[in-house]
Structures are given as structure tokens and as C-alpha cells.
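A.B. asks: So the chains spell out like this:
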Amino acid sequence: MPIIDRRNTFDFTFSLITAFASAVVVLLIAGILVVLIRESSLSLGQFGVVNFLKSTDWDPVKENFGAATTIFGTFVTTALALLIAIPIAIGIAIFVTEISPNFLKEPIGIAIELLAAIPSIIYGMWGLFTLAPIMSKYIEPILKKSLGSIPLVGLLFTGTPMGIDMLTASVIMSIMIIPFTASISRDSFNLTPEVVKESAYAIGATKWEVVKNVVLPYSKLGIYGGISLSLGRALGETMAVAFVLGNNHQITASLFNAAATITVTLANEFTEADKDIYLSSLFYLALILFIISFIVLALAKFFLLKAERKYSR
Amino acid sequence: MNIDQKRRVESIIALSLSTLAALSGLFWLVFILGDVLVRGIGALKLALFLNDPTPAGVAGGGLRNAFIGQLMITGVATLIGVPIGVLGGTFLAEYARGTKLARSISILSDIMVSVPSIVVGTFIYAIMVKPIGHFNGWAGAAALAVIMIPVVLRTTEDMLSLVPWTLREAAFALGAPYYKVIIQVVYRGAATGILTGILLSIARVAGETAPLLFTSFNNSFMSTDMRGPLASLTASIFQYAMGPYEDWHVQAWGASFVITVFILLITIAGRLIIKWRYK
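Read top to bottom, the protein sequences are chains A and B.
Each residue of the first sequence is one higher than the last, beginning at 1 in our numbering.
Each residue of the second sequence is one higher than the last, beginning at 314 in our numbering.
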């Protein structure tokens, strides 16, 4: 129980004020959930839960709404971004903890943190004016030529490379989430006891074998935590992808096509929603995003807490 | 090739790939920052800071209204978010120290720190814009404050926990009530850390765009009225970058330059202060 002393009026008042201030966080989370459910009730009542999740309709004119296209877009861009970001992030962590000379550790650490501090709208603008032209001119045609003719895989790289598409959005998103995974992985790598690593070296293991068989298994929980945190961030990322995704509600195989995520749909359509059911459906999307990212972030926290307990033993 | 050589080659390949990964991280940072700095400096003219926007397509406009609006929104958000965050962190680290309640709230705040900011925007829209019927600056400030509170709360909690418990016991032994111990002893001991946390939280919200899109919205005219729609740098960048005019794009780069430099300076300063104080 919190230490609360009723004998001293000042102290009692102060403790109540601080207690209320900390309760604000809980009230906010509950408030967001309640308000989003209330606002989406109209759409919830009309389309239900399963139907809304399954339906690929997004037709403001006929007032027919479903979440499948935006969930698809969210899932594909996020998955691809993680696929690009995780190996690079873990590579960075390995470099900083095992390879880099001491005088380089600090500057690289700071550089990674600065990458995390750049606001997402800057990423978005840079993506639109700098990365998208590079993607459409050089990288995407190369991908199309080299991988486009392979059966099945080729389906991912068909169509005209415009630069405004899922691939570009995923690349930007991956640059944004590298810092989260990298810094958490680095911290967990650093917690591997030197003695365990030295015993592996002593029986003749190469550096890579030490990393692969000692450090990585030891810091597994921390890495999972870092990845889940990055996933949570990527799911909710708005401005970095709003510029380059095209906001087109469709489900396609090719990564060269425009798509829509929940966040981009909200950013583009929220202020334009003129009908109640339209706005309510947008709130419904926000509710789905809130629930998914809350679960993912809770999972991240779970891994990190478990890792913390393991290392402190 | 025998197995020893194979293992050695494998090791060299894997470690080279890691080095490449680290270089690519640096590459992106230099690429993005360099681009923003080079394109931004070219756009920095006095007119950008002193003029209001001109009608679309007419040259010579600036973003004075957005600079002022951004300062007002961020300022009010700081005034709301910092006291609640610091007091809440005080409860977790002092009165409720070590309890399950404190741990649960701490975990919830950690989750809240990463909740999509655009969801916070929709939430504030529902409670502060829809009932009134029009966008307003207060709503924008409230949205940023909601994002700020858990950040400040968690850093305050961590910083207060770093103050040695014996220091408090010394004050208790002199007969001081807990609130006096907190205000006169613990806050003094943790002041640098808390201030740094506040600085970093300001850097965090200053670049937020998504929660402002449907709360404070945007305004092409000079306005300091928090009850109406208010321009902000980030919302203006979004509008200008997506717009068709070259002049708008240049101004968007200029605004991006200012906001990026501001945030990076605060972030670096924060790191330096923490390093200087706690090492």
C-alpha cells in the first residue's frame, strides 16, 4: 500500500494530488477506449465486427465500409519494414558491442539515437522528394528486371514502378524503426556475462560463433522486446508513410502499387468525412489500431520485463 | 577447405555484414540530415519568419503564423503536461514506491508512450472538437499534452528513484514531513534529470503532426486565438509538401530545417546533460 499519512494535512493533500496525477494515465487509456467505442458504435452496429474486418469495401459514396484493405496495407508495410529493419538493427548491435573499437561506440550510439529523434514528418517529406524518385528511377526497375521473372516472387514486382507505393513506404518505415530494435538489442547484448563469452573463446570459438551461440541466445528476450516495440511503433506510424503510400484502398500482390494503412486513411480522410457513418467507420479503424498496437506494446513490455528479471538474477 | 578455415571465413563474412549494417545506419542518417540541411538552408529567408502566407501561387509568403502557432500549442501542452507528469511520477517513486499499483501504472505509461499519436488525435477530436463544432488550438495543445504526460511521468519516476533513500531518511530524522522531504530534498537532488526529461519530452511533441491534423488543424491567416483553428509548423509542412507549388515546397523544406535543428539540438543537449550529471 502507498504510504499515506493522514496526520499531516499538507502531506495528505500533496499525496492525494500526486496520486490523482498518476491516475491520469490510467484515465486516459480507459477514456480513449470508451470514447472510441462510443464514436464507432454507429458503424459497429451497422457492419458488425467480423463483417467489418472481412469486407474489402471502402466506398464513401455508397456508404459501405470495411477494414480489410487498410488492415492489409498496415500488415504488409509493417511486415516488410520489419523484414528489412531487423537484420540491419541486429547487425548494428553486433558491430557496436563486439566489433567496434571503443572510441567509435559512443558516436555510433548517438547517431542511432538521433535517427530516432528525427520527427516522422521529416522522414515523410524526405521520402516524397528524395527517396521516391530514386526508388522509381533506379531501385524498382532493377528489382523488376532481376526478380520480376521468377514465378510467384515475381508477382511482388509487377506493374509500373512509380515510387509512390508499398515498397517505398516500407523502406522509410524500416529506417525509422531501426533505432528502436538496435538500441534495445545493444543493451541486452551488453548484459551477456563476460565469463560466459570468454569460456566460449577459450574452447576455440570464432567471434561469430560466440555471437551466434552465446550472445544471441542469451539476449533473446531483449531482442523480442525490441522487435515488438518496433512493431508497435510501425503499426502506428502515420506521417512517414502518408506522403508515399498513395492512400488507395486496394489489395494487390505487387509492392509497386499504392495502398492504404489505417493511419494513412485516418490522416487523409478524417477531416473530409461528411457523413456520420463515414466518420464513425474511421473511428472504428482508430479503435482497431488502438487495440492491436496496445496488445503488441504490452507484449513488448512483457518480454522486456521478463528479460530484466532474468538478468537481475 | 577444411572445417577450421570454413569457420574462420564464415566469421569474417558475418562480421563484415554487421559492419556494413552499422555503416548503412550512418548512411541513412547522413543522407536524410544532409538533405534536410542542404535544401533547408537554401529556403531560410527572413520572409519565411516574418511574412504570413500569401494566396496560393503568389510568391513571397512566409510561415510567421505557423511559427507562432507552433510555439503556442507546444507551450500550452508543456504547461499542462509537465505538472501532471512530474506529480504523477512523484507518486509512483515516492508515496507508492515498490507497490503493485505503482508498477502497474508505470507499465501502462510505458505502453502509453508508444500508442499511435494519430489515435490520440481522434480521441481529442471526439471530446474537444466535435462537441464545439470547429477545430481549435486548445484541442491541439491537449493532444500534445496527452502524448507528453506519460513521457514526463516515466522519466520523473526514474530520476527520483536514483536519489539515494538514505538522503530521505536523513531528512525524516530531522522531523520533516514527507512532502517537505520530496520538495526540498528529493526534487533538488533530481532537478537536472527531471529538467532534461522535460526538455526531451518537448522535443518529442514538437515534431508531432498526426495528432494536430484534426485538433488544431491549420490556418492560413495569422491568428493567436486558441479557440479557433491554429496553424502549426508540422501541419503546414504536410500541406505545403503535398501541394502543387514549388514555392510551397521550398517553404516546407525551410520549416523542416528549423524543426529538425531545434529537435536535434535539444536531444543532443539532453544527452550531454545526463552524461555530465550521472557519470
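Since the hints were made in silico from the structure, they are not lab data.
Since the structure is predicted, the reported quantities are computational estimates derived from the model, not experimental observations.
Just so you know, even glycine gets a beta-carbon here, dropped at the ideal spot from N, CA and C.
A couple of the hints might just be wrong.
Straight-line distance between alpha carbons at most 30 angstroms, and here's what the computed DSBU-like set of lysine-lysine pairs gives [as the list claims (entries may be wrong)]: (1) A:Lys301 - B:Lys413; (2) B:Lys413 - A:Lys310; (3) A:Lys220 - B:Lys493.
If you want the ones that stay clear, here's a sample from chain A, every Cβ over 10 angstroms from chain B, calculated [as the list claims (entries may be wrong)]: (4) Leu44; (5) Val49; (6) Val50; (7) Trp58; (8) Ile112; (9) Glu113; (10) Tyr138; (11) Val153; (12) Leu191; (13) Glu194; (14) Ser199; (15) Asn257; (16) Ala267; (17) Tyr278; (18) Phe303.
A.B. asks: Against this structure, judge whether each hint is valid.
C.D. replies: Hints, verified against the model:
1. A:Lys301 - B:Lys413: Holds. Lys301 of chain A to Lys413 of chain B sits at ~16 angstroms (cutoff 30 angstroms).
2. B:Lys413 - A:Lys310: Satisfied, since the Cα-Cα distance of roughly 19 angstroms is no more than 30 angstroms.
3. A:Lys220 - B:Lys493: Violated - the C-alpha atoms of Lys493 of chain B and Lys220 of chain A are around 44 angstroms apart, more than 30 angstroms.
4. Leu44: 15 angstroms, holds
5. Val49: For Val49 of chain A, whose nearest Cβ neighbour in chain B is about 19 angstroms away, the distance exceeds 10 angstroms, so it holds.
6. Val50: Its Cβ never comes within 10 angstroms of chain B, the nearest being 22 angstroms, so this holds.
7. Trp58: 17 angstroms, holds
8. Ile112: For Ile112 of chain A, whose nearest Cβ neighbour in chain B is about 6 angstroms away, the distance does not exceed 10 angstroms, so it is violated.
9. Glu113: Incorrect as stated: the minimum Cβ-Cβ distance to chain B is 7 angstroms, not above 10 angstroms.
10. Tyr138: Holds, since 14 angstroms exceeds 10 angstroms.
11. Val153: 22 angstroms, holds
12. Leu191: At about 18 angstroms from chain B, Leu191 of chain A clears the 10 angstroms cut-off, so the statement holds.
13. Glu194: About 19 angstroms separates Glu194 of chain A from the closest Cβ of chain B, which puts it past 10 angstroms; holds.
14. Ser199: Given that every Cβ of chain B is farther than 10 angstroms from that of Ser199 of chain A, nearest at about 18 angstroms, it holds.
15. Asn257: Label holds. Min Cβ-Cβ 20 angstroms, cutoff 10 angstroms.
16. Ala267: 6 angstroms, violated
17. Tyr278: 13 angstroms, holds
18. Phe303: Given a closest Cβ separation of 12 angstroms, the condition holds.
Hint compliance for this structure: hints 3, 8, 9 and 16 are not met, and every other hint is.
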